[in-house]
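Protein chains: 4
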Amino acid sequence: MDSNTLARLVITCADRPGIVAAVTSFLFAHEANITELDQHSTDARGGRFFMRVEFQTDKLSLTPVELQQAFGAQVGERFEMDWHLHFAAKRLRMAVLVSKHDHAALELLWRWQRGELPVDIPCVISNHPDLGAAVAAFGIPFVHVPFTADTQVQAEAQIRAQLGDVDFVVLARYMRVLSADFVAAFPNRIINIHHSFLPAFAGGDPYRQAQLRGVKIIGATAHYVTAELDQGPIIEQDVVRVTHRHELDDLKGLGRDLERQVLARAVRWHVEDRVLVDGNKTVVFA
Amino acid sequence: MDSNTLARLVITCADRPGIVAAVTSFLFAHEANITELDQHSTDARGGRFFMRVEFQTDKLSLTPVELQQAFGAQVGERFEMDWHLHFAAKRLRMAVLVSKHDHAALELLWRWQRGELPVDIPCVISNHPDLGAAVAAFGIPFVHVPFTADTQVQAEAQIRAQLGDVDFVVLARYMRVLSADFVAAFPNRIINIHHSFLPAFAGGDPYRQAQLRGVKIIGATAHYVTAELDQGPIIEQDVVRVTHRHELDDLKGLGRDLERQVLARAVRWHVEDRVLVDGNKTVVFA
Amino acid sequence: MDSNTLARLVITCADRPGIVAAVTSFLFAHEANITELDQHSTDARGGRFFMRVEFQTDKLSLTPVELQQAFGAQVGERFEMDWHLHFAAKRLRMAVLVSKHDHAALELLWRWQRGELPVDIPCVISNHPDLGAAVAAFGIPFVHVPFTADTQVQAEAQIRAQLGDVDFVVLARYMRVLSADFVAAFPNRIINIHHSFLPAFAGGDPYRQAQLRGVKIIGATAHYVTAELDQGPIIEQDVVRVTHRHELDDLKGLGRDLERQVLARAVRWHVEDRVLVDGNKTVVFA
Amino acid sequence: MDSNTLARLVITCADRPGIVAAVTSFLFAHEANITELDQHSTDARGGRFFMRVEFQTDKLSLTPVELQQAFGAQVGERFEMDWHLHFAAKRLRMAVLVSKHDHAALELLWRWQRGELPVDIPCVISNHPDLGAAVAAFGIPFVHVPFTADTQVQAEAQIRAQLGDVDFVVLARYMRVLSADFVAAFPNRIINIHHSFLPAFAGGDPYRQAQLRGVKIIGATAHYVTAELDQGPIIEQDVVRVTHRHELDDLKGLGRDLERQVLARAVRWHVEDRVLVDGNKTVVFA
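Chains as they are written, first to last, in our numbering: chain V, 1 to 286; chain A, 1 to 286; chain P, 1 to 286; chain R, 1 to 286.
Derived by calculation from the structure, the hints in this document are not laboratory data. Since the model is a prediction, treat every value here as computed from it, not as a measurement. It is possible that some hints are incorrect.
Said to hold, decoys possible - Dumping the calculated PhoX-like pairs for lysine-lysine here, alpha-carbon to alpha-carbon at most 25 angstroms:
| id | chain 1 | residue 1 | chain 2 | residue 2 |
| --- | --- | --- | --- | --- |
| 1 | A | LYS252 | V | LYS281 |
| 2 | V | LYS90 | V | LYS59 |
| 3 | P | LYS252 | R | LYS281 |
| 4 | P | LYS281 | R | LYS252 |
| 5 | V | LYS252 | A | LYS281 |
Construct all of the structure, not just a fragment, from the sequences and the given hints.
Okay, structure coming up:
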């Protein structure tokens, strides 16, 4: 696949007959070469329709702007679609918020550095200064924004000023709860990694909760952030077996590995337009 | 391993130095041949101690009864142990309670029939008559005991009369909540299979709860039953990945396979004395 | 989903632009309501194209036969497709061949009895008489066909006579190697369960091979049978962790559970037309 | 657990009655406080015996040297044991050999930097200069030793000189085959990560082999290096599911994550004396 000439069309709308035919006929007519197509209907009758199409643009008979306009006029409006077209050559801008635990953030930077995560990272923001040197080593600006209950309003203002026009935000173990206002500014564009298998052990100190309950498996969950803590649409989860031998520190160690993997997968899928939100759930075309 | 001459010693007590030396020296002195030994301390200082020893009895210098008495007198009392000795030639008696869903119960009967589950099964009891023929095909008595909110007291009395002196009870998708009295009669000797990854989705209709929440993994949990619903010590859990494509019936289908596997493992471990209870948790020497 | 009005169209052909548009436009024009669509291209340029479409037929403007003819004439020929159309109301006929190990065969029968496997089973054939009673309990004819090196030709002739017009054959631990002629009569329509993670441990006694090599994970593989032993296209695999503690019998026990699950999944996917063969590999739209 | 006062005793010998009693009585007599004990017998009669004991030394009635001498004289010789005693405060010295693929090596350095891997790392050696800067950022000496078929003898001599008295060597995707002489100098003390689920796909380019065979699961294997390529005792393996959609680069990407996890686990277990070699297999007390 040539990623320079790759584009993706992502669609959500009320289901009705003929959508796939209309979309694929449109792309065929304009010489877009479909290489991957996924669709999902929540119900055979009267459900929601979700679709993702990857195509190559090197023979396209229109410019990107023309394609955009033509699709909206000829297909999007007709089916009252919520849709967007993403040319992969235009990289998304991703900001990372982190507190003291570095593993999840560094995993993302490490993948980015190796070319595995095709985004631009304008900044890493933290409420602690600890990770400044580690982030700087990647050549990425590190911004320390103190954040306490008293200073939340100013802190969030400062963070939003820093974020500028980022496309999405990753909370890579950012241990502060963001305000509903802040969250509303990035609908389904803030990804959090929670260190439990949600909905089990929402809230604080999930590994301790897990140990107290005596579960035989622990997990990690990547989800979009909504106003309600740990309740947003789940993007990805994974688990690892534990036994009576694992003390709290062991759970945290195993959990770190899980969190890194789960968050990295969720971010990549988000970047590749594979995650479509369906109310409080997600459709993931992975 | 010759299971006719196999015995198991299971011990719980306050931890202090010298326990392993005392137990193993005792067994060595009486010519028990240790083939497997597991021990666990919850804390290096002042914790609980758990131990399980498998040994061959063919060269034993004492009779089983003498060994039992000698161990209590020479080791058990000294360390204030909670202990028991189980000669595998004496099979445990297991009763099964089931409602309409047959998969978990039949999985146990099928394994029993193949010789994979070394227990005696005096009866299968159900609050519905539906599974009578299926159970009878295994040559096991099937007892129909209707059970409604109004008749709970009589029903439980009737069940207990049927159970007689069973060693343990398996709730293989038995959809009635047993009274605290009933549960107290079989402390850590009733095994339930709950069709979710506890503590997520305790209570009714967990697959529907899971679908509504949009989780990416579903699970099943085998646990000992306590007075508090779905809160007892967890013996075993397992999970399977699901996607947006899975409808409720798909989750139930995947869940059935999980429940069968998880319950079968938990029952086998219980039969082999591998599950030691530590408050509301378990130590599983598997 | 209403399975009585469900149909599936499965397509393989050389990839070129416009296939998805042509297929979906055709179905839309004849009022087939697409509920699931998967497609795959092995290469963006010059590869093979694979597609599977599920649709509801209750509003179809043509009869099944007319739809079949129209699709061939209007789409199939144009793209030189290898395709078939399967109306789910017409159940596939599945035969099972088994030797002495009963678990894989009984797992299929058990699922069939519960309505989880929508096939007709005209017969179970075995080279040993042992499973006669167990199969008869399901109300399915059991046929004993002795099969030795000396009698292979006659045995295979007898089996083929028994099979009649079955749609596919499952080797549920059938421990005889079928001749190339036999295999050629059912191209990609014989499913075998091999008790290892292929290509590791092909051939005989894979659990013993696994134990000798000291692997930490064992597996099972369902694949289509070709003339070359254990080399056919893999449909599904799964694994389970093992340790130094597991003796050969333990591996066999764990393996039985794996084999049952893996074979059941592969058979269901085959029945639902989810498995498309691509040379010696498979595309599985699961 | 206090790791400063932690010690581990690891034992291999012919099995016979009384070993556990002798070892634990010895430790008890000298006021070693056992916190973890694992033992394994390959056979109830006439097999090999393996044992690992963790204990706290803060109340020990002997010095480490005295304990060592006393154990040898009183227990080790009596049972003809192959044994060693490791005081955790004395860190193992680990060298890393790597070629161009950096992920496996950097994963180890990263864990070491976070304090998750209690070893000293005297050097990272590579046959390419590429990773010099990345390694230097960890403050670890990087040594470039060119290694071609023509220069193997000199290269290995140079590497051995660099290694000095390291305790073990990790081949973190080191793409050269070491000579039998080199390997013999570090018996069961060279850990390799092979990027397949051995014994499947031994040798070169395993991800391409896996893709050609069409497997549905890929794996990674950490093993001790012996004179025979990819045939040494397996320490740990893990797997991940793949589908027809995964191209070769996708397999490599998924494989990188696996390799990092599998190698990190194997190295940690080696460092914690959890891996005992049994011929061409391992006993892992994890």
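Hint check, failures only: none
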